[in-house]
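Protein chains: 2
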Amino acid sequence: MEALFEMIRRGDRPALARAISLVEDGAPGSRELVQAAYRTPGNSRIVGITGAPGVGKSSLVDGIVNELRSMGRSVAVIAVDPSSPFTGGAILGDRVRMKHRTTDPHVFFRSLASRGHLGGLTRATGDVLTLVGVAGFDDVLVETVGAGQSEVDVMKYANTVLVVLSPGLGDAVQTLKAGIFEIGDVFVVNKADLAGADRTRAELEMMLDMRPPGGWRPPVLKTVATTGEGLPELAGAIEAHYEYLKSSGGLKARVRNRFLASLEEYLKREMVDEVLRAASASGELERCLAALEAGKDDPASAASRLASQYRAASSCSALVPSERS
Amino acid sequence: MEALFEMIRRGDRPALARAISLVEDGAPGSRELVQAAYRTPGNSRIVGITGAPGVGKSSLVDGIVNELRSMGRSVAVIAVDPSSPFTGGAILGDRVRMKHRTTDPHVFFRSLASRGHLGGLTRATGDVLTLVGVAGFDDVLVETVGAGQSEVDVMKYANTVLVVLSPGLGDAVQTLKAGIFEIGDVFVVNKADLAGADRTRAELEMMLDMRPPGGWRPPVLKTVATTGEGLPELAGAIEAHYEYLKSSGGLKARVRNRFLASLEEYLKREMVDEVLRAASASGELERCLAALEAGKDDPASAASRLASQYRAASSCSALVPSERS
Numbered sequence: 007m008e009a010l011f012e013m014i015r016r017g018d019r020p021a022l023a024r025a026i027s028l029v030e031d032g033a034p035g036s037r038e039l040v041q042a043a044y045r046t047p048g049n050s051r052i053v054g055i056t057g058a059p060g061v062g063k064s065s066l067v068d069g070i071v072n073e074l075r076s077m078g079r080s081v082a083v084i085a086v087d088p089s090s091p092f093t094g095g096a097i098l099g100d101r102v103r104m105k106h107r108t109t110d111p112h113v114f115f116r117s118l119a120s121r122g123h124l125g126g127l128t129r130a131t132g133d134v135l136t137l138v139g140v141a142g143f144d145d146v147l148v149e150t151v152g153a154g155q156s157e158v159d160v161m162k163y164a165n166t167v168l169v170v171l172s173p174g175l176g177d178a179v180q181t182l183k184a185g186i187f188e189i190g191d192v193f194v195v196n197k198a199d200l201a202g203a204d205r206t207r208a209e210l211e212m213m214l215d216m217r218p219p220g221g222w223r224p225p226v227l228k229t230v231a232t233t234g235e236g237l238p239e240l241a242g243a244i245e246a247h248y249e250y251l252k253s254s255g256g257l258k259a260r261v262r263n264r265f266l267a268s269l270e271e272y273l274k275r276e277m278v279d280e281v282l283r284a285a286s287a288s289g290e291l292e293r294c295l296a297a298l299e300a301g302k303d304d305p306a307s308a309a310s311r312l313a314s315q316y317r318a319a320s321s322c323s324a325l326v327p328s329e330r331s
Numbered sequence: 007m008e009a010l011f012e013m014i015r016r017g018d019r020p021a022l023a024r025a026i027s028l029v030e031d032g033a034p035g036s037r038e039l040v041q042a043a044y045r046t047p048g049n050s051r052i053v054g055i056t057g058a059p060g061v062g063k064s065s066l067v068d069g070i071v072n073e074l075r076s077m078g079r080s081v082a083v084i085a086v087d088p089s090s091p092f093t094g095g096a097i098l099g100d101r102v103r104m105k106h107r108t109t110d111p112h113v114f115f116r117s118l119a120s121r122g123h124l125g126g127l128t129r130a131t132g133d134v135l136t137l138v139g140v141a142g143f144d145d146v147l148v149e150t151v152g153a154g155q156s157e158v159d160v161m162k163y164a165n166t167v168l169v170v171l172s173p174g175l176g177d178a179v180q181t182l183k184a185g186i187f188e189i190g191d192v193f194v195v196n197k198a199d200l201a202g203a204d205r206t207r208a209e210l211e212m213m214l215d216m217r218p219p220g221g222w223r224p225p226v227l228k229t230v231a232t233t234g235e236g237l238p239e240l241a242g243a244i245e246a247h248y249e250y251l252k253s254s255g256g257l258k259a260r261v262r263n264r265f266l267a268s269l270e271e272y273l274k275r276e277m278v279d280e281v282l283r284a285a286s287a288s289g290e291l292e293r294c295l296a297a298l299e300a301g302k303d304d305p306a307s308a309a310s311r312l313a314s315q316y317r318a319a320s321s322c323s324a325l326v327p328s329e330r331s
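Chains A and B, in that order, give the protein sequences. So for the first sequence, the numbering used here puts the first residue at 7; every next one is plus one. So for the second sequence, the numbering used here puts the first residue at 7; every next one is plus one.
FYI, nobody ran anything at the bench for these hints, they're computed from the structure. Values in this document were obtained by computation on a predicted structure and should not be read as measured data. The reader is advised that the hints may include incorrect statements.
[As the list claims (entries may be wrong)] Using 25 Å as the maximum straight-line C-alpha spacing, the simulated BS3-like pairs for lysine-lysine come out as follows:
1) Lys274(B) <-> Lys274(A)
2) Lys258(A) <-> Lys162(A)
3) Lys162(B) <-> Lys258(B)
4) Lys274(B) <-> Lys302(A)
5) Lys162(A) <-> Lys274(B)
6) Lys274(A) <-> Lys252(B)
7) Lys302(B) <-> Lys162(B)
8) Lys302(A) <-> Lys252(B)
9) Lys162(A) <-> Lys302(B)
10) Lys302(B) <-> Lys274(A)
11) Lys258(A) <-> Lys302(B)
12) Lys302(A) <-> Lys162(A)
13) Lys302(A) <-> Lys258(B)
14) Lys302(A) <-> Lys228(A)
15) Lys252(A) <-> Lys302(B)
16) Lys302(A) <-> Lys162(B)
17) Lys252(B) <-> Lys162(B)
[To be verified] Covered stretches of chain A (in silico footprint by chain B; criterion: 3 or more residues with CB under 8 Å from a CB of chain B, positions within the stretch not fixed):
18) 24 to 34
19) 74 to 84
20) 227 to 240
Ideal Cβ positions, reconstructed from N, Cα and C, are used throughout, including at glycine.
Looking at chain A on its own, in the form it has when it is part of the complex (with noise of 0.2 Å):
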């Protein structure tokens, strides 16, 4: 893991393929690999791009990456992909993107899949954006699809978030019921060739008119990914939000909120997950379940129970054979 950790650090992308790989599958060791790139903080700009399905996502990622490359900058890119636990690889089979750009060193480009424990993916999200940071890129772009909680967690990791709508569809609203647009720091009307992208545009400006002044004004751009109109605009704009970020001592608070998203998601499994584990050995779940069903008790006075057990089972047995000694 060293060996592999250091190869990592020095910019090797198999061994960076690799290390994600095990990540994900929460193989052995990967522990101690991810708690080595926590160790060596790295510092990439983390962009996070998100957006309802059909909007065009994947063409305007392309679209950025290129536009990063052009001003010299290494570009990673994850996809945060909570695809189908029962298809699977199947239907990841379909990202055939990013093939024009393998034969490029300075771009990244890899996509998560929940395999099967969707929940865990907010937490690996965080682990494998802090593995990309050791490698060293100058950008690392998170993708999201869908617009539901998961999508809001990912982009707690993220400096400055692209909210991408399209026109028609009634995109500007549906994004706003998914609670999505708080966290733009920009938003993108993507296929603006289309008729209605002004209507869209201006809809955003009205929701953003009603937000409390002061701090960040997200702009509203208008881009075609596909043939790259609005694409400079957009790295400028990702731009001029980092270094208001870095200027107003923004950049660090949300640093600090990945850390704390991080921290959150460390404690879920460390202590739920072992209340849960623990009661299950025990019998005890099973007789909380039982109780549950059959109306004797409800689930806040279980859990309590549950919690205060847990509590005094792990920390005083402990206790008592120190003081026998």
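With the hints as your guide, set chain B onto chain A.
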């Protein structure tokens, strides 16, 4: 609270609406209300309805309500709407649906918004469904917007899950990507009067063919919610799936999963939130975050440490006084 609970149990709709607001707001006494509800198991059939924005879920829900009413069944609709914490109620203002139903005492309609704490929506939904169950509706429909992790979580509370698609738009594949495919008990191709409905249906059937054989084979139905086409067949499919669940023992398993999901949510709040609160109060969280920022710690180690401190502090400090006495 006891009086309020008694009113809900007797079928008082304004009382139910008030109780839901209390639970949503986490108002004083709402925990007792929810606890009482868990101890009064209902017999409602819970049907989840999910799908991407734009497939016509709202019209379909209205159509299903009409259909169930014509069968003499009482129906509650809970629309889970993770709306923007910023714009909040304003966006919900467009929910003028079910207007024609407000005079029917056997129909109850309620939107649940996240009110700024998206993470708690899943837990609140479980609590609200339990409250609604006390009111004795024959059917409770839970509708979610979007297709992310929160939707999958909410669907854990349903006995039967309808996954709704519409023709064109590449929905079939997009639905798959969001991890919704596996949880579908019945698939509905709505807007079936549009071109491409048969192709979407065929795509779904093909994907279903890839599933391991045995058990329930989800039917794929075509509907036109706005005209009522296909709705009697849909009501029949819901009934057939419920009968299958009862006869196969699957119903018991789903109810159990629902309680397990609630328990997990409460444990998370009970333990993770408490650890973070305690660590924040003692200044330990601040030290952890500073160490993480400096690359001198990693979230896995920090979480282990915080968890041990929590166990030691809460249980052994309780033990010490009793030993002294």
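Practice task
Identify every previously stated hint that the structure contradicts and give their numbers, smallest first.
Solution key: 6, 7, 12, 14, 18, 19, 20
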